[in-house]
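Now for the letters of each chain:
Number of protein chains: 4
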Amino acid sequence: MIIVLKPETAAAMQAKLVAQFGSKTELFTHHNRIAIQGIQPADLPADVVAAADDLITDVPAAVQSSRLLHPENTVIKTPHSVIGGDQFVMMAGPCSVESADHVMAMAKVAKQRGATVVRGGAFKPRTSPYSFQGLGEAGLQALRAAADANDLDMITEVMDDEHVPMVAKYTDIFQIGARNMQNFSLLKAVGRTQIPVALKRGMSATIDDVLNAAEYIAAGGNHQIMLLERGIRTFDHKYTRNTFDLGAVPVLQKLTHYPVIVDPSHAVGEWDLVTPMAMAGVASGASGMIVEIHDRPTEALSDGPQALKPKTYLKMAQQAFQLHDLMTSWN
Amino acid sequence: MIIVLKPETAAAMQAKLVAQFGSKTELFTHHNRIAIQGIQPADLPADVVAAADDLITDVPAAVQSSRLLHPENTVIKTPHSVIGGDQFVMMAGPCSVESADHVMAMAKVAKQRGATVVRGGAFKPRTSPYSFQGLGEAGLQALRAAADANDLDMITEVMDDEHVPMVAKYTDIFQIGARNMQNFSLLKAVGRTQIPVALKRGMSATIDDVLNAAEYIAAGGNHQIMLLERGIRTFDHKYTRNTFDLGAVPVLQKLTHYPVIVDPSHAVGEWDLVTPMAMAGVASGASGMIVEIHDRPTEALSDGPQALKPKTYLKMAQQAFQLHDLMTSWN
Amino acid sequence: MIIVLKPETAAAMQAKLVAQFGSKTELFTHHNRIAIQGIQPADLPADVVAAADDLITDVPAAVQSSRLLHPENTVIKTPHSVIGGDQFVMMAGPCSVESADHVMAMAKVAKQRGATVVRGGAFKPRTSPYSFQGLGEAGLQALRAAADANDLDMITEVMDDEHVPMVAKYTDIFQIGARNMQNFSLLKAVGRTQIPVALKRGMSATIDDVLNAAEYIAAGGNHQIMLLERGIRTFDHKYTRNTFDLGAVPVLQKLTHYPVIVDPSHAVGEWDLVTPMAMAGVASGASGMIVEIHDRPTEALSDGPQALKPKTYLKMAQQAFQLHDLMTSWN
Amino acid sequence: MIIVLKPETAAAMQAKLVAQFGSKTELFTHHNRIAIQGIQPADLPADVVAAADDLITDVPAAVQSSRLLHPENTVIKTPHSVIGGDQFVMMAGPCSVESADHVMAMAKVAKQRGATVVRGGAFKPRTSPYSFQGLGEAGLQALRAAADANDLDMITEVMDDEHVPMVAKYTDIFQIGARNMQNFSLLKAVGRTQIPVALKRGMSATIDDVLNAAEYIAAGGNHQIMLLERGIRTFDHKYTRNTFDLGAVPVLQKLTHYPVIVDPSHAVGEWDLVTPMAMAGVASGASGMIVEIHDRPTEALSDGPQALKPKTYLKMAQQAFQLHDLMTSWN
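First to last, the protein sequences are chains A, B, C and D. With the first letter of the first sequence counted as 1, position 250 gets the number 250 in full-length UniProt numbering; the numbers rise by one all the way through. With the first letter of the second sequence counted as 1, position 85 gets the number 85 in full-length UniProt numbering; the numbers rise by one all the way through. With the first letter of the third sequence counted as 1, position 141 gets the number 141 in full-length UniProt numbering; the numbers rise by one all the way through. With the first letter of the fourth sequence counted as 1, position 48 gets the number 48 in full-length UniProt numbering; the numbers rise by one all the way through.
No lab work stands behind these hints: they were computed from the structure. All the given hints hold, so there is nothing to weed out.
Below, a list of computed lysine to any residue pairs in the SDA-like style, where the Cα atoms sit at most 25 Å apart: (1) C:Lys188 - C:Asn222; (2) A:Lys315 - A:Thr298; (3) C:Lys254 - C:Met1; (4) A:Lys77 - A:Lys169; (5) C:Lys188 - B:Ser131; (6) C:Lys16 - C:Ala51; (7) B:Lys311 - B:His102; (8) A:Lys188 - D:Pro125; (9) C:Lys309 - C:Gln112; (10) A:Lys16 - A:Glu26; (11) C:Lys6 - C:Gly38; (12) D:Lys16 - D:Asp58; (13) D:Lys188 - A:Gln133; (14) A:Lys238 - C:Gly304; (15) D:Lys309 - C:Trp330; (16) B:Lys24 - C:Leu301; (17) A:Lys309 - B:Trp330; (18) A:Lys238 - A:Thr127; (19) A:Lys311 - A:Ala300; (20) A:Lys238 - D:Asp208; (21) D:Lys238 - D:Asp303; (22) B:Lys6 - B:Thr57; (23) B:Lys315 - B:Asp303; (24) B:Lys24 - C:Ser128; (25) A:Lys311 - B:Lys254; (26) D:Lys315 - D:Asn150; (27) B:Lys254 - A:Thr312; (28) C:Lys238 - A:Tyr239; (29) C:Lys188 - C:Asp208; (30) D:Lys311 - C:Ser329; (31) A:Lys24 - D:Pro125; (32) A:Lys111 - B:Trp330; (33) C:Lys254 - D:Arg241; (34) A:Lys315 - A:Val82; (35) B:Lys24 - C:Gly136; (36) A:Lys309 - B:Gly285; (37) B:Lys24 - C:Ala138; (38) A:Lys254 - A:Asp86.
Full structure from sequences and hints, please.
Structure representation (structure tokens):
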């Protein structure tokens with residue numbers, strides 16, 4: 001349950017509850033609220049009940065991720081970005097880091113129209129073991145250099161818990177891939193760092209699954225979490241790679257305080273569908289977008305068909321910011 | 001296959017092909033194009049081949065619905081609306097026609113912010129036989145009166161082929177419901193009329209299923225077809241009634257010439273998610289929207305939870321048109 | 001709610017409840033039980049409460065289909081079959097009635113290994129309007145003749161409410177196709193007859209959807225209903241046409257009293273997978289099977305790839321009955 | 001492509017191809033067959049073409065897992081079991097190892113009716129971080145002791161690559177859980193061992209995804225792989241936890257040489273549905289079954305609702321072997 005305490009005595013009551021229940025169950029405090037797992041109102045001391053404005057008993061398992069415990073938005077600050085605030089954050093770059101020169105060129109394109117984060121994979125979770133698996137640490141170094149040269153933040157995927165320390169040396173934001181969304185060892189490992197984590201929704205992850213996966217990160221003490229909607233697997237994948245579930249954006253915003261980012265590239269998998277879906281993603285109210293770009297998509301080492309060429313990207317990004325400006329005018 | 005004929009001799013060649021193959025297979029002509037089912041290039045007379053600019057052999061079953069035969073957009077003109085042109089068409093009204101007075105009041109609200117079509121169900125396809133089944137012909141009359149009093153077009157669902165003549169007496173646009181998308185007898189029946197048809201995508205209909213269903217209507221001679229994306233059934237329906245598949249909008253626009261309309265109300269099923277999804281629908285490039293409104297949603301005879309109250313609708317509609325204006329400026 | 005009345009006073013109490021509530025709501029009686037829609041225990045007269053063994057308030061919308069009202073199995077008797085009893089019922093035949101001779105030959109094959117029902121479509125719900133649509137009434141006549149010549153029952157699909165009287169002249173069992181599972185006009189039309197109905201589960205119909213669709217038939221007064229599991233639409237259909245949901249067999253048997261029949265042919269869509277799935281269907285506890293056979297599958301007018309050749313069918317059917325015999329020995 | 005070489009010169013030709021292409025691409029040999037990635041028939045030396053019985057160019061990415069390269073069944077031998085041969089293998093035990101005594105008692109039950117493998121989780125992938133996470137190494141020790149005392153093999157889940165060496169000290173078979181099916185780091189780690197691996201199908205994994213995941217293990221040199229069908233995620237999960245996709249059994253058997261095992265417990269998630277689905281699994285042709293048992297399901301630390309009580313398990317297992325015996329008589 002969650003107890004909403006009167007502000008003036010909240011600290012004292014929280015201390016009392018921690019003293020009484022802390023050795024038996026999980027407790028989480030946030031401002032004047034406190035969540036206690038497995039406790040009913042009848043178990044509470046009378047003075048706590050008297051000091052409470054509200055007792056919320058219908059509480060999800062992912063309690064730290066819930067707005068019931070943490071009503072205000074989480075805003076994540078990286079060197080060049082504010083994620084979850086009033087600004088719309090653009091993240092762009094190639095699917096894979098293919099070479100130092102290439103990612104440097106793509107970062108420059110990304111930067112041109114307002115991106116503040118450059119993306120690129122150095123460790124690639126490929127369906128087949130015989131596909132390109134990424135440049136590894138050399139890829140991390142190249143992406144870091146490209147980010148620094150263009151005053152951008154860097155986001156890159158970490159694929160297993162053993163790699164967390166190495167990736168942490170370079171990146172501003174960890175990305176957890178869709179296939180690893182319930183790799184709990186990995187979630188715990190990034191949860192022990194203080195580096196922001198972008199958690200991608202799994203192909204068939206329910207909203208509750210996403211929130212519980214985020215909770216694994218939060219349970220380790222890392223609350224710098226953003227959620228990425230990248231399309232789900234449904235019965236029809238003939239014309240799009242996945243089904244972009246934009247309804248998840250306002251649903252997640254209602255349930256959780258973490259920023260929600262959309263990934264139209266993976267959602268549709270075809271470059272000529274990316275711009276309309278990017279616009280739809282902005283219009284749905286997302287806090288940002290991550291998009292794949294490539295100057296020669298047919299030669300890309302991975303996911304070429306969904307990459308935007310620079311010219312298309314630049315037009316799309318301009319429209320995205322115009323659309324976000326219009327939406328800001330509505331508030 | 002589809003033969004793209006040189007314009008100057010197109011008519012003559014089409015006549016020749018109809019004479020040669022017309023008794024054996026289906027032929028469809030559109031401007032300088034002709035589609036012939038079950039025929040290979042080697043079957044064609046030499047002069048037809050010589051008169052062709054292109055021979056397209058990879059042709060979908062739903063050939064009349066395909067842009068390969070009909071490259072330009074279908075634009076549907078009803079008394080008060082142009083659907084599929086440059087304008088964004090707003091269709092709004094209650095889920096069910098509940099009474100003459102109520103639907104009159106709702107039509108007035110719809111009209112206030114630019115709707116040109118009023119919606120309302122007189123025959124309701126309800127999951128349970130014991131739920132409200134609609135007012136029947138009295139509902140049609142009330143909706144017609146509400147449309148006329150407000151200079152609006154009327155759209156309403158027809159549930160079976162026997163009812164087509166009766167509904168045709170009143171409506172400007174037939175709606176085929178999601179559960180009837182593959183009720184082929186009904187599709188054939190509306191295909192024999194010349195009244196525009198709004199075909200809702202079935203809950204688990206693939207893009208190809210939608211196009212084949214539209215083809216049943218076209219095969220009867222009625223080409224006034226629009227397609228409604230209203231959400232599909234996926235693994236997660238805890239927080240939304242369906243999954244709004246906005247990727248279907250640009251996919252359908254690429255494949256077919258029929259206008260695509262979005263239905264955010266049924267897609268999400270919760271009123272507080274309708275506005276962001278309505279905005280996403282506009283941004284995806286749809287030609288219009290159909291949305292449910294009700295002044296007292298908790299008392300609605302059907303689908304109350306997804307109805308927008310008038311005030312929310314009016315704000316949403318204003319934003320939708322602003323967003324569409326911005327998008328128009330990009331072209 | 002459902003009231004389980006003490007047997008000795010059940011009739012009197014039911015009469016009393018019908019008198020009191022019959023004009024306001026739906027009531028359904030079955031032996032010593034009575035279901036009343038929209039009524040709470042507090043609304044009941046005291047003597048009814050006193051005469052009740054149980055008051056069940058958590059009742060599904062599809063109340064007549066529920067075991068809560070009708071605990072014992074429904075057993076359907078046709079001239080040559082008992083469906084839902086201890087016997088396993090085999091229904092076999094071609095997908096479409098292609099000619100009088102062909103269906104006669106196939107009926108003879110079906111009969112050889114224990115089938116008591118011959119199937120065949122005279123009205124075919126085809127995805128494309130340009131595919132073979134069936135022989136119509138001539139097909140019905142041919143199938144009737146094939147059934148009669150082999151002492152078999154006949155099952156055939158009825159596609160719309162207008163055809164119900166014509167099909168009723170010939171068939172022993174109506175089949176409602178998957179695409180029409182929620183064609184409520186059709187369900188009501190067969191519900192007004194007393195001919196047994198085999199209701200196919202829709203491609204994305206939930207268990208509750210199936211039961212509510214059955215309830216439309218029951219609400220009309222026809223309780224001779226059997227349910228057909230024929231595979232559902234999921235994310236993977238590369239190697240099978242649908243996903244055979246055999247879990248639905250025991251689930252439906254727990255919830256409803258109607259017999260459950262499996263259709264392995266449509267479930268997998270590939271003939272070489274039909275035998276293992278047919279065996280799995282028997283082992284799941286189904287009351288019967290409907291399977292497609294054809295002597296020259298590559299020339300079949302519909303669904304050839306999933307048809308068993310006679311030799312394969314005969315072996316499969318033999319095994320099915322052996323397996324059912326083994327299962328009978330376990331009870 | 002795959003080259004099927006005439007047996008007499010196969011070894012020489014394989015050596016020649018390895019010498020020519022081995023530094024540029026992946027080659028895999030199996031008896032008289034050789035697979036070469038990215039090579040076309042035109043690239044082959046003339047004497048290789050002359051020495052070939054067949055050139056197969058339509059080859060899946062997961063080539064080592066394919067019957068095209070490896071036509072005969074893989075049979076895995078563990079101390080007490082032969083998996084993939086003529087016998088049906090029963091694996092049973094509690095979901096989690098809860099205590100040394102408890103797992104010892106459950107192993108004894110499992111053994112009573114023919115199980116040769118005891119299951120139990122020491123590291124548990126739980127949706128919520130606050131749920132029981134398993135006993136860790138102490139659990140492995142307890143399960144090992146229970147297996148040894150009852151002359152059983154042991155199967156247990158390994159959740160991340162760091163734990164592979166520790167789990168390897170105890171187990172006869174690694175289990176890879178559904179949520180980790182595409183944890184490629186983990187797949188590579190178990191691929192470097194020679195311990196048999198039971199790979200569970202992911203919740204939304206296609207058949208091709210399963211085969212590619214298996215290929216990651218094989219690519220490391222470990223070919224002792226079995227595949228577990230445990231239900232997939234679909235639109236309906238009200239009455240069953242997942243949808244048991246038994247069609248996957250014969251599909252996988254057609255495509256791959258690895259044994260296929262069914263897991264009815266996770267597939268349905270409700271104990272009273274486990275027996276019919278277990279029977280269906282045997283009838284589908286699976287090589288074995290893994291099933292959860294518990295003497296006090298309501299007190300189980302995980303997945304209690306799906307556990308069979310000993311008495312139910314014993315009856316189910318007896319029926320399963322009788323059914324398998326009947327099926328053996330058909331061959």
